[in-house]
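Residue-level listing of the chains:
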Amino acid sequence: DGGITQSPKYLFRKEGQNVTLSCEQNLNHDAMYWYRQDPGQGLRLIYYSQIVNDFQKGDIAEGYSVSREKKESFPLTVTSAQKNPTAFYLCASCDQSYNEQFFGPGTRLTVL
Amino acid sequence: AQSVAQPEDQVNVAEGNPLTVKCTYSVSGNPYLFWYVQYPNRGLQFLLKYITGDNLVKGSYGFEAEFNKSQTSFHLKKPSALVSDSALYFCAVRDIRDSGYALNFGKGTSLLVTP
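Taken in sequence, the protein lines are chains L and H. Letter by letter, the first sequence follows residues 9 to 120 in the numbering used here. Letter by letter, the second sequence follows residues 1186 to 1300 in the numbering used here.
Treat the hints with caution; some may be incorrect.
Stated by the list, open to error - BS3-like, lysine-lysine: derived pairs with alpha carbons at most 25 Å apart: (1) H:LYS1254 with H:LYS1234; (2) L:LYS65 with L:LYS79; (3) H:LYS1292 with L:LYS17; (4) H:LYS1243 with H:LYS1292; (5) H:LYS1292 with H:LYS1254; (6) H:LYS1292 with L:LYS91; (7) H:LYS1234 with H:LYS1262; (8) H:LYS1292 with L:LYS65.
No wet-lab data here; the hints were simulated from the structure.
Assemble the whole structure, with the sequences as input and the hints as a guide.
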């Protein structure tokens, strides 16, 4: 899992609540990513950031928000607007060569 | 957009036999292709990549992949499978986005190696 940490490992949320997933990296990478994994659907890109204070929507950004105030950190907020948030969330980072992404251990979010 | 496809949801192989996990790609230009492995409830681990050069790429844990431009394929192979190779395997391609790059993943292939 390299130098990327995600917390918590498991997260339970009641409907209507916002929750924030943490992602921290000590690899000095500029680019960071959030993916969502559902069974049989592979990984889908939620948001990504190439540099501090800048980020872009991915393919399934609705109902999610992010911030990138520090190079090391890229937290993801799952809002109450996300219709089906139960999933496994993976954070990744890479350097400016964009030749390999390193992944964190993931956070499993369950909506009760 | 660049994309990859993994035509098999599951591959079963006996321990000691060779294994192949298939991946085909659809890209404009030269592809940057990757294989990752995922064990249950874990993040993805990098196995190997093709950027340029030799069509046969060697990676971690004895895995290799063959880039075939005419067949637009990048199949993952191992000469002799181990039970511990049982996991979920993802093929991915680098895609240019509005700002920078991201990976587009296939849906994954579950590999089961039986003793």
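Outcome of the hint check:
For the hint pairing H:LYS1254 with H:LYS1234, the CA-to-CA distance comes to about 15 Å; that is within 25 Å, so the pair holds. Among the hinted pairs, L:LYS65 with L:LYS79 is consistent with the structure: their alpha-carbon atoms are about 18 Å apart, no more than 25 Å. At most 25 Å may separate the alpha-carbon atoms for a hinted pair to count; H:LYS1292 and L:LYS17 meet this at roughly 23 Å. The hinted pair formed by H:LYS1243 and H:LYS1292 meets the criterion: a straight-line CA distance of about 23 Å does not exceed 25 Å.
Pair hint H:LYS1292 plus H:LYS1254 holds up; C-alpha atoms about 21 Å apart against a cutoff of 25 Å. A distance of roughly 22 Å separates the Cα atoms of H:LYS1292 and L:LYS91; the hinted pair therefore holds under the 25 Å criterion. At roughly 13 Å between alpha-carbon atoms, H:LYS1234 and H:LYS1262 fall within 25 Å of each other, so this suggested pair holds. Straight-line distance between C-alpha atoms of H:LYS1292 and L:LYS65 comes to about 21 Å, which keeps the hinted pair within the 25 Å bound.
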